[in-house]
Structure formats: C-alpha cells, structure tokens
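Chains as they are written, first to last, in numbering that gives the first Met the number 0: chain A, 0 to 378; chain B, 0 to 378.
FYI, nobody ran anything at the bench for these hints, they're computed from the structure.
The C-beta atom is built at its ideal place from N, Cα and C for all residues, glycine as well.
Worth double-checking, as some hints may not be accurate.
Stated by the list, open to error - Here are the in silico distance ranges between beta carbons for each label pair:
| # | chain 1 | residue 1 | chain 2 | residue 2 | range |
| --- | --- | --- | --- | --- | --- |
| 1 | A | Val63 | B | His142 | 37 to 47 Å |
| 2 | A | Ala369 | B | Arg352 | 45 to 55 Å |
| 3 | A | Ala369 | B | Asp86 | 33 to 43 Å |
| 4 | A | Pro194 | B | His142 | 53 to 63 Å |
| 5 | A | His142 | B | Gly351 | 23 to 33 Å |
| 6 | B | His142 | A | Gly135 | 53 to 63 Å |
| 7 | B | Leu354 | A | Ala67 | 53 to 63 Å |
| 8 | A | Glu71 | B | Gly335 | 50 to 60 Å |
| 9 | A | Ile76 | B | Ala368 | 37 to 47 Å |
| 10 | B | Arg258 | A | Leu344 | 37 to 47 Å |
| 11 | A | His142 | B | Gly335 | 36 to 46 Å |
| 12 | B | Arg247 | A | Ile76 | 46 to 56 Å |
The chain contents come next:
Number of protein chains: 2
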Amino acid sequence: MSGSDEVTRRAWAYLSRVAEPPHTALREFVEAEGPVDAAAAIRSRNVPAGYAGLSSATQARARVDRGAEDLEAAAAIGARLVTPDDDDEWPGWQLWGLRAADTVERGGPPLALWVRGTRCLADEVRAGIGVVGARGSTSYGEHVTGQLVGGVVEHGWSVISGGAFGIDGTAHRAALGSGGSTIAVMACGIDVDYPASHTALFTAIARDGLIVTEYPPGTTAARHRFLTRNRLVAALATAVVVVEAGRRSGAANTAAWARKLGRPLGAVPGPVTSAMSVGCNRMIADEQAALITDAASLISLAAPDGAGGPNGGPVRKVDALSGDRSRVYEAIPGSGALAVEELVLRAGIDSGRVLAALAMLEVDGFIVAAGEGWSLNRG
Amino acid sequence: MSGSDEVTRRAWAYLSRVAEPPHTALREFVEAEGPVDAAAAIRSRNVPAGYAGLSSATQARARVDRGAEDLEAAAAIGARLVTPDDDDEWPGWQLWGLRAADTVERGGPPLALWVRGTRCLADEVRAGIGVVGARGSTSYGEHVTGQLVGGVVEHGWSVISGGAFGIDGTAHRAALGSGGSTIAVMACGIDVDYPASHTALFTAIARDGLIVTEYPPGTTAARHRFLTRNRLVAALATAVVVVEAGRRSGAANTAAWARKLGRPLGAVPGPVTSAMSVGCNRMIADEQAALITDAASLISLAAPDGAGGPNGGPVRKVDALSGDRSRVYEAIPGSGALAVEELVLRAGIDSGRVLAALAMLEVDGFIVAAGEGWSLNRG
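Based on the provided sequences and hints, a complete structural model is requested.
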C-alpha cells in the first residue's frame, strides 16, 4: 500500500463506489482536491458546481461509506485497491489515452482499480497483448487462440482478456498453460466470479496473473459494464487481436476502442463460411484491422520495429537458445536449406516438436523459410 | 471469318506458329506491314533490321508453313483463329493494357487467338470475372468457388479461368452447372486437352462457352506457357479473384498480372491453419487484394459503382423477381424483420431454398440482414 495511508485508501474505496464508474467529473474532482478532501466534500454534499453532474451522480450513495468493508472484502480474497497514488503499480501511461477529449464522454480513465493477485499491475501490462473474441467460439478459433497465445507468451508478453466464455477463456487458459501471465479485466466486482463456471479459472489467474476491475466489491455484471470494461482491455494492451467475432460481437466493441486509443489492432481471418469469422473478415476487409496469421505477425503488430515488447526486441543471440530450438537450429546447415523431414532426422525429435521450434526460430529471426525448407537467416 | 479472306487468314495462322508467342517485335511488324506482307517477308527471310530479335526468333520455322493445316486441324474440333482483323470478335479493349511499356518484355498482347466454341469472344469477355486458385484445392475452396461462381453467373457474368485441376476446374464446372458461360484460357494448343482428364470438361466448355489460346495446334503445355497464359486470364477479365493459393502458387502469378494491368484483384480469406489459404491471406494482409467473402463483394469489386457489368448494374426491380426469390421476397414484412425459420413457414419452401433465395435477394439489394433476421432494404 505504498503511497497512501489507511485513511486515504478508505477515501479511495469510498470514491470507487460513490458513483457508477467511470465518471469523468468525479475523477477530475479527486484529481483537483485529493481523495480525502474530495470524499469529505461528497459525503457532506458540498460538491462545487463546476463538476457537471457530480452532485446528482453521487447523491444516492454519498452517505453510504463502505470503504473499510470493501477493502476488507477484497483482502479476504487476496485483492486490493490500486490507485494513482501507487506510483509503482498504477498503469498511468497505458490509461493516458483514455483522457483524450473524444473518449471522455464514453469513458475516461478509471478512478482506481481493484486488483486480485500478487503481481504488480504496471509490470504485467508493460508488454501485454489483448486477445479477445466471440463467446460462441469454434474449434478453429480456439485452436488459433492457443497457437497465438503460446507464441506470444513464449516471448514474454502477457495476455489480457475479458474472462468470458469462448475466445477470452481460451486465451487465459492458454497463457497459464504456457507458463505465462494473464490479466482478466472484469465487468463486475472483484469478488464476483462472472461467469460463475469460470471460478476455477479466475482462481488460477489470480495465482499466476491478475484480475482487474474498476467496480467495487459486490457489483454484478451488466451490459453497460461489459462495454466500459472493453475500453480497459484495449487501454491496458499494447496491441489487440480479435480471433473470432460474429456479425455483432462484443469483441468488435473492444476493437473499436483499440482503434480509438491508437492501439494496433489485428484480426484473424477465417472461413467465409463461418459465422464466427464474419466480424474478423469484415474488419480486415475494411482495413480496420491487420490480418494476423500467427504469433510472429501478432508480435510484429505489437512491436513493429522489433523494439519494444517484453525483451526490448526479439532475441537474436544464438547462445540464448536451449532445448528443441537449439537442437533444430544446430540441424540447419551453414548454407542452403533443409526440408522439415530432414530436420526431424538430424535433430532426432519428432516433427511436431521440430515444427514448433522452427516457428519460434523464425519469429526470433534466426531462420527463414526457403522454398520447401528452412535456412539460416543471414539478414 | 469476317474481316479477313482465306489468304489473309492463312497468313495469320502461319504467323501464329512462326515464333513462340507472345513476340513483341513480330506483333509490331505485323501491325506495320499487315499479315500477308509480314508473312511473306519472314518466309523469304527479309525481315527489316528494326525489329529486334525477330529474324532470329523466326529463323527455325520461317520456311515451315502449316497455316492451312493448322486452320483445318482447328476446324476439325470446332475451333477457329480470331485476329485483330475480326473487329466484332477481337477483344482489343481488354488486351490494350498489355501494350503498356512495362509489360511488353514479359508479354504484350497476343498476335491472334485460337478459339474453340461458337460464342463470340468479345461478347463473352465483356463482363467476365477471373476465378483462379490452387490446383491442390481443399473442400473449403471448392465450396466457396461454387458459391462465388453461382452468384456471379446468376448476375450475368462469365467466368474466366485456366482449365487446371482444383479451383480452375471447379470454377468452370460451377459456371456451366449454373447455366452460365465460361472461358478456359489454355497454355497449350487449341487441340490439346491439358490436363487430359479434363477432356470432357473442355468439351462442355466448348459447347456452352469458349476455349482460348494463343498457341497453335499441337503445342504442348509447358511451364513458361502457364505464365504467359496467366497474363491473358488477367487481361480478359474485368476483375480477378483468387480463391485458394498456397505459399507459392500459379494463382499468385495471375494475381500479379491483374495488379499490373489494373484489374481489381480479390482474394478469399481462409483458415490460418490451411496451407492452401496462405497465399490468399498474405495477399489480403499485404493489401494487394481485396477481401472477398461472397458473390456480392466480388461483384462490387468488379463493378464498384454498381454500374458496368453484364446488366449495367444490379437488378433492383421487384417485378423482375420470380420463383423462390419472389416467394421469399413476398414473405418479408413491410416493416420489421423476420427470422429464417419464420420465412420458411411463410414462403412454404424448405430452408435450403429460402437461404439461397435470401442470398440472392441480398446481393440484388432487395433485402438487408437485420439482427437475426431479414428486412426489406429501404436504402
């Protein structure tokens, strides 16, 4: 709880509940007066007239101070309240774009964020990719999600999504299953598991990643909250990819936020015969989203110049290779190319592992496709 | 054989064989001197020095005049030689783009075209869409080809392709099966069925469409001829769509010609897990091709302003509707939308026919998708 004493923290918790987030006037009032004085003014119904709508927005809850109880409820499940006072953890840089004038009305930055899990929020979102998509995903979408997430996690990116059924859940699970970190941004209170059947998944995310929400404990999920939640997924992500989306999909809303915030946006193409690829194909057709085929193209989208990202750029040192990647790399001749079948023989591991290693070696820039085979990247 | 007497026609046939087509200097010499004088000069080895490479290119065959025999061989299978003299049939407008300086070295306009079938070449290519793709097509690609071709044929477009296995063959068959016209552009002599197992298909195409080639009778298919053939597919088409293409595909060459000639180019996206969609997805990702999802988007590509095309624009008159389309159109309420299941009940035909009719009504602009259902297009 660096940067904030208990009185201040309770004031933040009070403010988190006193108006439905996000509320621009409330945030501006807190920024101007500080949380303790702002809370006192709202509690005593002494809100200056300059903050449009703030008095009416806080009227119903002004005298209900559950700050201490909310902090206790959060603590009971391993959660806490992170605020702009927490210099080390507040993702101020990522949230900055939400201040832009054209987005204020539909959702500025959050006032504060309830966070469940032990990791540092700022660290986890420093290099995070939003992976979102349809609730009614197909096996194709889930397969591709697993491939993409496995590849980006391997390169140190975290995976940000909305905790929902379908592509969201698949993305979180794939990140955890690949030993990576993942962040679920919720449209309900930090102590609410929505959807309920994802309770075990949320427990796993809280252990190896983070759950984040701007809604105080006990808040139920609701349609308008999904939409405001989507803006946080886009804001916290370095780039966003939509894996599957139907004709009308919540993922399209997250995609729209990504564009509004200037986040690189990608979409995975799919069969024109699949209803779950209609939205993605359309975003690509309309040049709203870049066409993403694999983890390499997704990483290029998120870190276009090869710089940025979790490692400050793709790994290039051969010395850093280990395991299958080292064996496959060593199997590639100094000049010329070899087909996969020959690499399988040389490396002495099965073709599935060789193919996986080749994909990673290509992403890392060690090798390039050459005709039907692979050769060293001399570029 | 309008526009050309028998002597002239034999001269054209002689010139068609005297150098491997396309040969820019030969074409320019014929344009300058006329076919009879040009043929006489070449035959007597009196080619002016100004025509670079012409003397050497014609040296081997100059004294072999099989013009009459070639015309007879063609006539025996219902084929003829169409030349720029045939004002009514020569597709001069379509071939004009091949004259551009940057394409001359790699293949200018054909000198003449051997054509099998009774239809008029110029008429058939006036509104033709090139539908090409991988020889090793998948069931997905073949399904989409059938959908696209069925839709464009329904709107009066002819379908131009290369007669090959895979997408080409599927496109020709779908055109014929939909009662449409189709043109196969060959990389061999007009009397050569390549691939041989497509002999029955070529017979059907010759009956209801046209087979076209710039190679004289007896010429075998060869790799360089596929490449020069591809330029004619692109040139004769109003627009070109690639349905499936692997990492390296002949279809990519046709696509490159389409771009070079300024023909609108489309590609059908596919699963990123399919090797046969790698080329299409890449063309879309690189913004070389527009993303095509259905016949409507393909027709919009070919006739972007709704004008042009076989009918001078999409049909809009309700009076023109008949059969299933009329029944389904009448089932849609004057205001609001209806789901497919309700339309099936109202129209009294099965859901497959209703869906087919809905697709066509949407293409024609009569109806629009509204939520889970369909409503009249008031736009």
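How the hints compare with the structure:
no.: 1; hint: A:Val63 / B:His142: 37 to 47 Å; verdict: 60 Å, violated
no.: 2; hint: A:Ala369 / B:Arg352: 45 to 55 Å; verdict: 51 Å, holds
no.: 3; hint: A:Ala369 / B:Asp86: 33 to 43 Å; verdict: 51 Å, violated
no.: 4; hint: A:Pro194 / B:His142: 53 to 63 Å; verdict: 35 Å, violated
no.: 5; hint: A:His142 / B:Gly351: 23 to 33 Å; verdict: 29 Å, holds
no.: 6; hint: B:His142 / A:Gly135: 53 to 63 Å; verdict: 22 Å, violated
no.: 7; hint: B:Leu354 / A:Ala67: 53 to 63 Å; verdict: 60 Å, holds
no.: 8; hint: A:Glu71 / B:Gly335: 50 to 60 Å; verdict: 52 Å, holds
no.: 9; hint: A:Ile76 / B:Ala368: 37 to 47 Å; verdict: 44 Å, holds
no.: 10; hint: B:Arg258 / A:Leu344: 37 to 47 Å; verdict: 41 Å, holds
no.: 11; hint: A:His142 / B:Gly335: 36 to 46 Å; verdict: 39 Å, holds
no.: 12; hint: B:Arg247 / A:Ile76: 46 to 56 Å; verdict: 55 Å, holds
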